[in-house]
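A.B. asks: Combine both chains into one complex, guided by the hints.
Next come the chains, spelled out residue by residue.
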Amino acid sequence: MNFMTHLDLSFPAQLSLALLPDLLLMGGAMILLLWAAWRPESARHQRSVGAACLGLIVLTTIAIGWFMYRHVTATPGPIAVDRFRWIADLVLLLGTAGTIALSMDYNEREGIFAPESHVLILLATSGMMLLAAARDLMIVFLGIETMSVATYVLAGMNRRSPRSAEAAMKYFLLGAFSTAFLLYGMALVYGATGATNLSVIGDRVMRFGLTTSPLLLTGIALMLVGFGFKVAAAPFHMWAPDVYEGAPTPITGYMAAAVKAAAFAAFLRIWYEAFTPVYASWHNAVWWLAAVTMAVGNIIALRQRDLKRLLAYSSIAHAGYLLVALTVNSPAGSEAFLFYAFVYTIATMGSFAVVVALGDPGERSLNVDDYAGLWTVRPWLAVAMAVFMLALLGFPVFGGAGFFAKWYVIRAALQAPSPHWKLAVILVLTSVISAGYYLYVVMVMFMRPRVASAAIPARSRGLTGFVIAASAVLLIVLGFFPERLVRLTEGSAPYGALTVPATSSAVPLPSLPPARR
Amino acid sequence: MQIYVPLLLLIGFVALNAVGITLVSHLITRGRPNPIKEQPYESGIPPLGDARERFSVKFYMVAMLFIVFDIETVFMLPWGVYFQRLSCTTQLLASGACPRGATSFFGFGEMLVFIAILFVGFIYVWKKGALQWD
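From first to last, the protein sequence lines stand for chains S and W. 1 is the number of the first residue of the first sequence in this note's numbering; add one for each residue after it. 1001 is the number of the first residue of the second sequence in this note's numbering; add one for each residue after it.
Isolated chain W, as found in the complex (with noise of 0.2 Å):
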């Protein structure tokens, strides 16, 4: 049970947080409605009409990199973490440190394999014009 006290208290903090930041605003404000400001915020696209309505590929185009390259960054932190018992030969002593002179690249040259190969990736993307907007 201990070790989900965090939790609970990142839950309570959010809940606060989201309580408090809706009252103040009540608290300190004055309304002034219109029929624009009542409008649910929608990133800009009108938030009322027909859901099947076709969007240019560009966007699924950065969506499609966005998450490539975002999943590059999730597989990054894993490795960090890992990192040191990666490029060390034999077990780790007892205060985390690699043992002097057993070292190695392989947690390192695995990592530059793995960006080398999404580089390719993106360079292609590049060459074939699917960063440009226009």
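Here chain S stands alone, though its shape is the one from the complex (with noise of 0.2 Å):
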């Protein structure tokens, strides 16, 4: 039945199945976040409604599923039905799974009764997947923003904690700024094209030569900042290793993670749709942020010894990798850019289960020494946070699927139509520099001795130590089987994206004269 597998967005009632995944995820946050109210916080509490978000997330993934089997399609519209949203979608849903099981545990620990915080993640969640689906600048926005606000809230969760206040005022506060930034450039693009739909920017600065129309050109370097603040680039990096290390640390994975993959589904998303016919203008600037934020990530993070705030400045170096994804601008990079994010993801959540496992109450002994000899006390712990690490260096064989996710990164820069080899350079550079902090953790952990008056820490939770454990086999296992991971991925540039063009100093342009609108 043709219904069922092309969607015509121009009616609301195909609209709205288009969104089905989100609204399903949405409706059943607000009923949960209904029952969360309904009785009074305790720990039991807790742990129930964020069982029952960890269903909910189930049921999305099912409704995601179904789409993807089915091969949906639908007509250019606000609302992407593609792979790329898909499979952005299950990155998400998986780190936010990730995120839910670490807080259950997390949570009763620390003493935050608040059954309202599995919700509000659900809650981000869901602004995550309008962003992931968002063809449009205003749902772009409203993606963000349901994203930000409710990130906002998770981040100073622990109210007894004045460093997580601090993180959710710096975080409020800087969020703020950056999205007024987006903002203005959204509203400089739309004065300049006359549009906010992605693929309509494109077509007309394509066919009424906008590529060097002022106003555009502010526009997307406007959003370029906001961008840039909202995943954490270097020089829009300051507030990310504050944050990171007040908030509760599954909120921290969650931002590391989620949040960054989400905002970098738009920000991609964005830049191949509605910018590709001026590539050659932003493409500079991109490479540049691309070189800094990596230079920078891995070589700040060498003097780090608090690990919340070394994997707040690995995450940092990661997100330039991925801008190298961004920069190629070809499918092969937004394949590459979704393969990255779904290895990235689930290293981020492992290593940050293992900081919640050994974390103990009052976030004490999160330096990196506290972990020395590990693994003479909890050899597993020890094993798969050297997964862990050497997945985020992108070591072959023990780092699993982290050595494919920066192998298709950097093919995808040298097979672009002008290939970034220099960039690639960078990119294995920096790696090589970032080896400095992820061997040295996986050092500390197996051959220096154990201080004599740490205290052993205590069998992690059922929870945390199965994300722990899922997470590490999943990075094991797929990197000796990549191609499952890739066939998933492949085919799923953005649609409507055009190819860029050989040289990128010369844009063909149309001689079309600027039309009035």
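No lab work stands behind these hints: they were computed from the structure. Be aware that a few hints might be false.
[Claimed, not checked] With a straight-line Cα cutoff of 30 Å, these simulated DSS-like cross-link-like pairs (lysine-lysine) come out: (1) S/Lys170 - W/Lys1128; (2) S/Lys170 - W/Lys1058; (3) W/Lys1058 - W/Lys1128.
C.D. replies: What follows is the structure, given as structure tokens:
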């Protein structure tokens, strides 16, 4: 039946059907919110709401699976119905499920009994899924706000901790600031092209020869700054370490994995679908953003001894690697991005799960030196952490799929119509630098003797242990069978994406006069 | 220029009103000033003092909820203006009415969804005790 596999987005009913997974998550989250408020706060209620949230995520995943299985397509509209969206959604839901599972254990330990925290995570995720789907600047903004506002609150979820409050405040101020940049950029882009729909913007830029329009270029620059803040790319990364350090650990993992992936998904789609015709103008800016981010993130991370800060800088560095995929601006780049986001999300969730498992109430002992001799007391935890560190480093075999993630990004950079070999070289060199801190963690765990006075960490709780084990196994298995994931991400370039002109300096311009609109 | 005439009229009316009220109260009252009366009126709070005063969090709560439900009303205004067009599947007639048989529940349904979402929030704050002063 045609109706079920090809949606006409101009009908409200079919538009709603195209948004089914998002609506399912939002509606379910609202019902769960009521349930969370219905009973008084308690450790048990917190766990049962968390479990229900995990169930809702499974339902949403099934809905997405149905769309992917039926190969549902749609007419161009404000919402994308394509593979890029579904894979990005799966990455986001994976990160979300991990976060909620960790939160259930973490909140119990830290005495945070608010069951809303899990529901808030779901609401943030529904904003992220909108971001992954958005093909209209207004929907992008809606998604960014839905995601950010919930995440500001989540960062300050631990009300008794002043550092958590500080993190929430900083995140809120910087987030509002960057949103202003983004919105101003969108307004200018709209002013230049008269459209908010991404493909219409791209089309009009081509047709009316707007490639040198100062209004459009200023708008793109402002949007670049806004997204730079959101994905924590240097030099817009200053907020990240403080916020990541102060926020509850599962939420830090959520911000490092899912929030970043969602912002990147929108970033990539806008730049691919709308701004490809002006590639020559923005490619240098994004190139430098990628190079600086990789260098700054990795070099500063070398000096970090607090594990959460270390992972924060590591996540900045990974934003740089993802920016390489964006700079490439080819279908291979978008596939490499999704592959990378998948692997990075698993590895990040895993490493934050280890931080949750080893942290004690009040979030002390997060220093790398507290991990000394972990191998002798909790060998499996040490092995899992080593896998995550090696995966983030991109080490072959022992780092599982982490190696292939970087490999595909580098391959996309080198096989692009205009090869970015310099960027590939920087990527490899900065990855070598990153060995300095990833391997240091591994070395401390396996080779340093355990401090005699250090207590033996408690056995990790059920869900935390499950997240750690599942992430490690998944990474290793995907390391042996990366083609499974490759086949999943294949052909997932945002549709409407134009191919980049081979020589980036000469964009073929149609000789139409700028039309009156 | 023509369209600004009502605006100018409004500005003129407001200015006249302000001057008029002050003038009339000057003319018909007898001044018996005392220190309390001389103080500027500040909703019952002592008007002088340190600006960095701590307020109970309850005030913020009420202010926040007020804004949320205020926004709801603000959204209803443009919706009301466009209601005819939203609940018509075809172009409106010249008279502004919807052709027979082309009405839909779309516009109404949209607002119902919006209010339902806000209602969820309302129940939530109620259940959480945010509306309780003590």
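A.B. asks: Now look at each hint and say whether the structure bears it out.
C.D. replies: Structure-based check of each hint:
1. Between S/Lys170 and W/Lys1128, the direct Cα distance comes to roughly 26 Å. Compliance with the 30 Å bound is thereby established for this hinted pair.
2. For the given pair, S/Lys170 sits about 23 Å from W/Lys1058 by alpha-carbon distance, which is consistent with the 30 Å threshold.
3. Annotation: proposed proximity of W/Lys1058 to W/Lys1128 holds, straight-line Cα distance about 13 Å (limit 30 Å).
The structure shown violates none of the earlier numbered hints.
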